[in-house]
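Top line first, the protein sequences correspond to chains A and B. The first sequence runs 529 to 859 under this note's numbering. The second sequence runs 2 to 355 under this note's numbering.
Derived by calculation from the structure, the hints in this document are not laboratory data. Among the hints, a few may not be true.
To be verified - Below, a list of computed lysine to aspartate or glutamate pairs in the DMTMM-like style, where the Cα atoms sit at most 20 Å apart:
1. 715/A x 727/A
2. 645/A x 569/A
3. 850/A x 733/A
4. 645/A x 344/B
5. 645/A x 733/A
6. 850/A x 232/B
Said to hold, decoys possible - Residues from chain B shown here face chain A by an in silico Cβ test under 10 Å; the list is partial:
7. 35
8. 139
9. 142
10. 143
11. 157
12. 164
13. 168
14. 170
15. 285
16. 292
17. 324
18. 327
19. 344
Note that the structure is a prediction, hence the values are computed from the model and not measured. In this text, a Cβ means the ideal position worked out from N, Cα and C, and glycines have one as well.
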Amino acid sequence: MNTLSVLKGKRALWLLAAVVLTAIVTYIIEEFGLSAISLFEGGLLSMTPYALTAVGECINEKSGVVNIGLEGILAITAVTGVYGAELFDNGFLGLLVGALTGGFMGFVFGLVSVYGKADQTVAGTGINIFAIGFVQYLLMSIWGFPGIHILERRLMVRPIYTPIGQISIVTIFAIIVAGLAHVLLYKTVLGFRIRAAGESPQAVDVAGVRVDRIRTLSSTLGGALCGLGGAFMSLCWMGGVVKEISAGKGFIALACVVFAGLEPLLALAAALIFGFTGVFAFSVAVTPGVKEIIPFYFVNMVPYISTLIVVTIAIGRRRFPKASGVPYRRE
Amino acid sequence: MGSFTKRIEVPKVPLDPFIQSGLAVLLGLLLGALLMVMFGYDPIKAYYWLFRGAFGSVSDIMETLAFATPLMLTAVTFAISAKAGLFNIGAEGQIYLGALGAAAAGGAITLPAGLHAAVATIFAMLFGALWALPAALLKIWRGVHEVISAIMFNWIASHLVTYLVIYYLADPQNAYRTVRALPGACYPILMGGSSLTAVMFVAIAFCIGIYIYLWGTKAGYELRLVGANPDAAKYAGISSRRIMLLSFVIGGLAAGLAGASQILGRPPEWSLYATLGNVVTLGFDGIGVALIGRNHPIGGIFAAIFYGGLQHGSRFMEYHAGVYSEMVRAVSGLIVVALAIPEIVAIIRRRFKI
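Bound-form chain A, shown alone (with noise of 0.2 Å):
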């Protein structure tokens, strides 16, 4: 019943559209061979790191904990990610290091929020006021050099040659996470008790079951979730991390987050619109003719406005759980 709640209504049938209409446009121009760059893959891999933030987000918001550090958790991530793939020699370790970071920040906001009964705004913008600092600080005292870091190309973690493409295991793990979570959302106990604990936290409490700690595991389990979009930035995408690796890419998931309205599936068809509409306006710009036209620094503006249209043309009448952000206090 939830399954079909979730694909009702208009918003879901816009989604679908818009979906449908990318697959189609991507089909063309690939077929046709009208980009220099495959659409369909770097489709795919700016949607990565969306989709996994977005779904965790999803969770963590559920269970009443919103954390708009998430911003800062990715750009932390990157570059631990490169540190631990450099440290074990390894990249899949690496993208388990940037997991474990994101984890443990998430279980500190976790703690932070439900312990410290913080305001979850603040101590967000704490978090990505810590990681633009934290970030330099890092590559400065790991590799001494400031700004950016370049990973070797053997500790990359190759993509898998599918028939239709290039794609990331981590690409095709975060399409599966989202339906994963939208398993354990609406079909377990565990799921259940998340969503309760974001809704109305006095019964789950009455009803014997911990809502301090449901909300620092799901807070920990959606930052785990981000810190491995992170670790993909600069593993299986970039191949290296800059200090600005984020740029904003929290924020267009925590947007994401918005227009799904706390649903995975739909989080992730939004990350596919948002990480589509950016490759394709890079493609369209680096086309012969439209690239002595158009300035680069207009293009790189294409993400943040396209998030600003579908923000401002999705809001309506979303709900969220009433005690989203609001700390829960024991009578």
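Use these hints to put chain B onto chain A, whose structure you have.
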């Protein structure tokens, strides 16, 4: 968007807010020390040079004040929106636009000295306010959360201003920065050898003006009422939309002035770098400063002097103790996280039985 906290609640503790801020600062510095130890640095040496560099001599204090000037203004941007119950983190983009406006008006037109400075400053403030408008309008018309829109506008501003600097305002001799502001548009240097200029007085006057506005006028009372008790404000017939717009526009003016202070009031370059290097992150730093100053414009002045000290002292810390200067920004992030916890005093008391 209901999933974010609706308004910023100033934590209500019986203890003096000074203790709360002081404790958060201490905690931030302590955690920062831990991060230094993790990477094999000596935190005592680092902090010694940090504070000695910041406040060790008269010229250092002057330099610290120069760093503090834009911060007290971007802090006002955040603080006034917080007073109105909003979370405006768009100072970052607005300061870029303000700096652009100051660089354009200061370098491209010619006016009598003094008047030129005033015109260029007003130009910068209007640029900042204009860039603050769309986020407020989107919030009012469509309910778009100001955190998401502000970040998007920050990034758009970053690319837009870089483009305009490189294509239209670049100095033919030095393409890495804009044309210098003409001497008549610049604020006078207060003491030879330091980079503190008279723009600091303008900044302080602006903060005091905001204080008088918030606590001394009816309009300011309405703004605070909307933030503190939206229902009561609605009952009293105050338009929350007007307050939203007003708080964003005033915030934009403040950020624009901060941008002007970096161009017209900051030697030796008197211009905007194409990398935006002399304005970048000042908007985000302002959030920390505002929170340390308890979202109060006068508290913000003192918090800005503290944070300006960290920024100036961090160069000495880097030189003498080897700790990269960006560490102070990480510390400020930790301070903000600590400040978000309303019961931090109570928690520490319970744990350590003070």
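Quick rundown of the hints versus the structure:
no.	hint	in the structure
1	715/A x 727/A	holds, 17 Å
2	645/A x 569/A	violated, 43 Å
3	850/A x 733/A	holds, 15 Å
4	645/A x 344/B	holds, 7 Å
5	645/A x 733/A	holds, 16 Å
6	850/A x 232/B	holds, 18 Å
7	35	violated, 12 Å
8	139	holds, 6 Å
9	142	holds, 8 Å
10	143	holds, 5 Å
11	157	holds, 5 Å
12	164	holds, 4 Å
13	168	holds, 7 Å
14	170	violated, 14 Å
15	285	holds, 5 Å
16	292	holds, 7 Å
17	324	holds, 8 Å
18	327	holds, 4 Å
19	344	holds, 6 Å
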